[in-house]
Amino acid sequence: MTNVIRLLAFCLAVLVFSSCEKVIDVDVDQSGSQLVIEGNLSNIMATQKVKISRSVMFTDSNNFPAVSGAKVTVTDNQKNIITFRENSPGIYSVTYRGVPGRTYTLNVDIEGQTYTAISVMPSPVKLDTLSLTDISFGSRKYDGVIAQYHDPAKTADQYRFLLSINGKQNKQIFVANDRLTNGNKMLTELYPGFSDNDEDEQEFKPRDSIVVEMQCIDPNVFTYWYTLQSQEARGPGGGVTPSNPPSNISNGALGYFSAHTASARKLIVQ
Amino acid sequence: MPFNLRFLRYLLPLLFISFSNFLTAQERYTVSGTVRDKSTGETLIGATVTLKDSATSINTSTNSYGFFSLTVKPSQYDVFISYVGYQTSQQKISLNKSTALRIELASSSELKEVVISAKNRPGENIRSPQMGLDKLDMKTISSVPVLFGEKDILKTIQLLPGVKSGGEGNTGFFVRGGAADQNLILLDEATVYNSSHLLGFFSTFNSDAIKDVNLYKGGMPAQYGGRLSSVLDVKMDDGNSKNFSVQGGIGLIASRLKVEGPIVKNKSSFMISGRRTYLDLLLKASPDPDLKGNTLNFYDLNAKFNYRFDDKNTVYLSGYFGQDNLGIKNLFDNDWGNSTATLRYNHLFNDRLFSNTSVIYNKYNYNIRVFSTNNNFTAKSLIRDYNLKEDLQYYGNKHILRFGVNALHHRLQPSDIETTGQSSVNSQSIEYRYGLEGAAYVSDEWQITNWLNVLYGTRFSSFTVLGPGTFKTYDGSGFPVSTQTYDDHEFGKSYFYLEPRVSASFSMNDQNSIKLSYNRNTQNIHILSNSGSSTPTDQYVLSSNNIKPELADQVSAGYFKNLAGNAWEFSVETYYKWLQNQIDYRDGAQLIANADVESQLLYGKGRSYGLELYAKKNAGKLVGWISYTLARTERKFDKINNGNYFPARYDRLHDLSVTGVYNLSKRWNFAGSFIYSTGNAVTYPAGKYEIGGMTTYYYTSRNANRMPYTSRLDLSATLEGKENKKFHSSWSFGVYNALNRKNPYSISFRDSETKPGTTEAVQVALFGIIPSVTWNFKF
Numbered sequence: 001m002t003n004v005i006r007l008l009a010f011c012l013a014v015l016v017f018s019s020c021e022k023v024i025d026v027d028v029d030q031s032g033s034q035l036v037i038e039g040n041l042s043n044i045m046a047t048q049k050v051k052i053s054r055s056v057m058f059t060d061s062n063n064f065p066a067v068s069g070a071k072v073t074v075t076d077n078q079k080n081i082i083t084f085r086e087n088s089p090g091i092y093s094v095t096y097r098g099v100p101g102r103t104y105t106l107n108v109d110i111e112g113q114t115y116t117a118i119s120v121m122p123s124p125v126k127l128d129t130l131s132l133t134d135i136s137f138g139s140r141k142y143d144g145v146i147a148q149y150h151d152p153a154k155t156a157d158q159y160r161f162l163l164s165i166n167g168k169q170n171k172q173i174f175v176a177n178d179r180l181t182n183g184n185k186m187l188t189e190l191y192p193g194f195s196d197n198d199e200d201e202q203e204f205k206p207r208d209s210i211v212v213e214m215q216c217i218d219p220n221v222f223t224y225w226y227t228l229q230s231q232e233a234r235g236p237g238g239g240v241t242p243s244n245p246p247s248n249i250s251n252g253a254l255g256y257f258s259a260h261t262a263s264a265r266k267l268i269v270q
Numbered sequence: 001m002p003f004n005l006r007f008l009r010y011l012l013p014l015l016f017i018s019f020s021n022f023l024t025a026q027e028r029y030t031v032s033g034t035v036r037d038k039s040t041g042e043t044l045i046g047a048t049v050t051l052k053d054s055a056t057s058i059n060t061s062t063n064s065y066g067f068f069s070l071t072v073k074p075s076q077y078d079v080f081i082s083y084v085g086y087q088t089s090q091q092k093i094s095l096n097k098s099t100a101l102r103i104e105l106a107s108s109s110e111l112k113e114v115v116i117s118a119k120n121r122p123g124e125n126i127r128s129p130q131m132g133l134d135k136l137d138m139k140t141i142s143s144v145p146v147l148f149g150e151k152d153i154l155k156t157i158q159l160l161p162g163v164k165s166g167g168e169g170n171t172g173f174f175v176r177g178g179a180a181d182q183n184l185i186l187l188d189e190a191t192v193y194n195s196s197h198l199l200g201f202f203s204t205f206n207s208d209a210i211k212d213v214n215l216y217k218g219g220m221p222a223q224y225g226g227r228l229s230s231v232l233d234v235k236m237d238d239g240n241s242k243n244f245s246v247q248g249g250i251g252l253i254a255s256r257l258k259v260e261g262p263i264v265k266n267k268s269s270f271m272i273s274g275r276r277t278y279l280d281l282l283l284k285a286s287p288d289p290d291l292k293g294n295t296l297n298f299y300d301l302n303a304k305f306n307y308r309f310d311d312k313n314t315v316y317l318s319g320y321f322g323q324d325n326l327g328i329k330n331l332f333d334n335d336w337g338n339s340t341a342t343l344r345y346n347h348l349f350n351d352r353l354f355s356n357t358s359v360i361y362n363k364y365n366y367n368i369r370v371f372s373t374n375n376n377f378t379a380k381s382l383i384r385d386y387n388l389k390e391d392l393q394y395y396g397n398k399h400i401l402r403f404g405v406n407a408l409h410h411r412l413q414p415s416d417i418e419t420t421g422q423s424s425v426n427s428q429s430i431e432y433r434y435g436l437e438g439a440a441y442v443s444d445e446w447q448i449t450n451w452l453n454v455l456y457g458t459r460f461s462s463f464t465v466l467g468p469g470t471f472k473t474y475d476g477s478g479f480p481v482s483t484q485t486y487d488d489h490e491f492g493k494s495y496f497y498l499e500p501r502v503s504a505s506f507s508m509n510d511q512n513s514i515k516l517s518y519n520r521n522t523q524n525i526h527i528l529s530n531s532g533s534s535t536p537t538d539q540y541v542l543s544s545n546n547i548k549p550e551l552a553d554q555v556s557a558g559y560f561k562n563l564a565g566n567a568w569e570f571s572v573e574t575y576y577k578w579l580q581n582q583i584d585y586r587d588g589a590q591l592i593a594n595a596d597v598e599s600q601l602l603y604g605k606g607r608s609y610g611l612e613l614y615a616k617k618n619a620g621k622l623v624g625w626i627s628y629t630l631a632r633t634e635r636k637f638d639k640i641n642n643g644n645y646f647p648a649r650y651d652r653l654h655d656l657s658v659t660g661v662y663n664l665s666k667r668w669n670f671a672g673s674f675i676y677s678t679g680n681a682v683t684y685p686a687g688k689y690e691i692g693g694m695t696t697y698y699y700t701s702r703n704a705n706r707m708p709y710t711s712r713l714d715l716s717a718t719l720e721g722k723e724n725k726k727f728h729s730s731w732s733f734g735v736y737n738a739l740n741r742k743n744p745y746s747i748s749f750r751d752s753e754t755k756p757g758t759t760e761a762v763q764v765a766l767f768g769i770i771p772s773v774t775w776n777f778k779f
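Heads up: the sequence lines are chains A and B, in that order. Residues in the first sequence are numbered consecutively from 1, following the working numbering. Residues in the second sequence are numbered consecutively from 1, following the working numbering.
No lab work stands behind these hints: they were computed from the structure. Quantities reported herein were computed from a predicted structural model and do not represent experimental measurements. Do not take every clue at face value.
As the list claims (entries may be wrong) - Footprint (simulated), chain B over chain A, 3 or more residues, beta carbon under 8 Å:
1. 20-26
2. 100-109
3. 113-121
4. 204-211
To be verified - Distance condition first, Cα-Cα at most 25 Å in a straight line; then the derived BS3-like pairs of lysine-lysine:
5. B:Lys329 x B:Lys135
6. A:Lys22 x B:Lys389
7. B:Lys755 x A:Lys154
8. B:Lys389 x B:Lys312
9. B:Lys755 x B:Lys38
10. A:Lys185 x B:Lys139
11. A:Lys22 x B:Lys755
12. B:Lys472 x A:Lys141
13. B:Lys38 x A:Lys171
14. A:Lys168 x B:Lys312
Glycine included, every Cβ here is placed at the ideal spot set by N, Cα and C.
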């Protein structure tokens, strides 16, 4: 439901504000470089990745330095140790399949400092089908894709959706939980054209290949993404006061570690 | 805290001394009465009554119902009654028994002169111990230029020192560092929870129906309570008790009509005033498909009826109903509105004891409907209050004693969600919340000497959580640690507070005074909104076992000076305010339809301090005021900004406004207002990094940055129609934002499309220059 309200706020914002935008110069503070860890471990036998990089100053260009030479391992509550190797600078990977219900602990040793994070892999939920939809208001039409799945009634579930079109990842954050929708057949609508960075994706073209990956994520990772999502500044009044989303990684590193289950579907636009 | 209950040890004995004063008064008679407008019979609130004999001069002012009472030694007196915009009345009485007067003042517009005269204007602002009070007369409000030419109380008070506008598109206003939900907004004593229409562009107060507006920024008298930062007390017209009259206005986007007249001449009258926008009719007719078919309108209705049985008994029944509708065709609609009803009974026990009993109902609700087949739902939310007040005023010799009781019952329906068909949303209802606020107060306005006046008193307030309901208690991390269930009408957690209120004025002479005040206020109903702006769908919560009542202590000091026979008023006021039990939110807080919403909250404190300069010219062809505020307002929460103080979003160092009205001739007048303010405090990124393939921003401290400044010039001109006995009309022309400045509404950050690999800041502005025209009539 909160996603629907966001969508409405977006429609209002487009109608009211679209003509009054301008790029301005602002005075920003300068910060020291921060360590950023983004770790994912899924229940699909695939390349599992931990990416380590550093932040840059706001005024710098978007080249985020890779951090090499870290010792990266993940242990589970069955005492299995999974060792990640640096295959390209800052990208540590291993081919592995996680098991739902297990607790995974990420350990990163770098420059004499240890960073740890804990994530419990939730039970999987299957993404059943994808279908197309659109939303129109005024002269504008936005194409969207509906992800259909059944939310399990017994558990509190959190979802993250990754949408890509022709192999290009959409830059919006889509997360949802079942607080108001528990146990239902879900038809979650994703509109790729709602982001400033993806305005060219407002309408689908024939033969577009649309892939949706649905992840079941743990509550801490949900809070991480939800915080980022609610700071997206569209809509009346802007987003909530921005802050760094609460990370599950120790020692002040930015980023998150997520043990999740994944289910993906592809749809070709006719 | 510099103040605590020990304070009362000094206060209470003072009250007893006052009582004993009443008892020792001897051989004195009372002059009492009611002051009314000669042509309409409307009572005049705050008119000054002066009794003068060869030796002394004593003043008082009329109360909210036009009543006054003065008890003095027998003598030959000249009685002067004066009121802004009216001719001063003068009569002689030889007082050898208690006397009741019926006074009617003629409006000075009947003098057929343009220049407002300052002669005999009382220096009430100098003498009265009340500080932090702004009185607005409706004449001023009607000439200040505003958006779309709709004269507006809320927009006008935002031109006063110490009052900060929420900005374009924002419903709230901020008083001396308080949040938008810390203003008590009263319409004929009923609480108005949402004081704006059309997302903040209009206020719910239709100026046609309004008689009197008082804004208390500090030194709140003891009869007011329940909000921390201000009281905006708005009173409706009673209705013309002498003649039937119709007035109205036709504007570009809204029209108004008011009908009033006697039911029984001089005994009973009514007033009905309505307003409706037709913006959506324009939208329907619009060729632009972006606008066509959408809904955007509001309407409101004020009505009042009164019946005067005799000089001692009067009843008033007043009500307000307003609603906004906003919708996008086939997608959703959203409506919200206030309803209020107030029944009051005035009774004079004797010529010195005035009583008012009020029974008040008010409601605020909103509905959101989403039409999507897959995710359709209707969400309803409501606040309903029943309020019972008994207020007594005793006019003693040099004392006005005021005391009373108040009981207020709240019902909150946070969110009732209903769905149809195969919606993925579950129908559900978040548990209703009930609360009971009680208060008893006593205060005394005492003219100790010619140069020293004090207003002191205390309010004893309570809040009790009422069942039925299940209440969880959360620990510091937001996890539930215990659960308690209360039955129907069972009392839960209670809070009790004493709220001392003291102010004093030291008059050096008729032209100069120094005032000091201290007051404490508590608040038990709170808005939850983490978006930094207020919207009609904000959630309300009551105090509970987790949410403690908000508390504010304010001290202020001021210097007041009048010049040129009170034609000029100057004031300097300074204040410091301590705020406790303030509310903020955890990261990623989910506030919508959340039964565990209290687990998402953080509690902290605040401080706010400032200096307010005010210069006002009351007389001459050019009237107006300049106000400047230098202020800071900060908040502190353990889990935000590393536990350090940070600026509130509406913290602005400088706020300047200049308002002027120039009466060129009998037919033409021109008005202008200019505002300048420091930008809002915002949080800009200090760095950036990549997460999930997206540029993500790194923040170091909260609200440490500033939006660009805001400035705006508004102009208006009014052309009065030719003089005609029966029919009067005027044209109002206005230009909003005459300099067409793009004032910042929000600033966001994104990857640049023009310079790939870099990020840019984007400012959104709402309104450029907007002209307006309105035709007003009266007969």
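Results of checking the hints against the structure:
1. 20-26: holds (count 7)
2. 100-109: violated (count 0)
3. 113-121: n = 0 at 8 Å, threshold three: violated.
4. 204-211: violated (count 0)
5. B:Lys329 x B:Lys135: The hint is violated at about 43 Å.
6. A:Lys22 x B:Lys389: violated, 53 Å
7. B:Lys755 x A:Lys154: Judged against 25 Å, a Cα distance of about 49 Å means the pair is violated.
8. B:Lys389 x B:Lys312: Distance of about 19 Å is within 25 Å: holds.
9. B:Lys755 x B:Lys38: violated, 71 Å
10. A:Lys185 x B:Lys139: Cα-Cα ~60 Å, so violated.
11. A:Lys22 x B:Lys755: It holds: about 15 Å lies between the C-alpha atoms, which stays within 25 Å.
12. B:Lys472 x A:Lys141: Violated. Lysine 472 of chain B to lysine 141 of chain A sits at ~45 Å, over the 25 Å cutoff.
13. B:Lys38 x A:Lys171: It is violated: about 69 Å lies between the C-alpha atoms, which goes past 25 Å.
14. A:Lys168 x B:Lys312: The hint is violated at about 80 Å.
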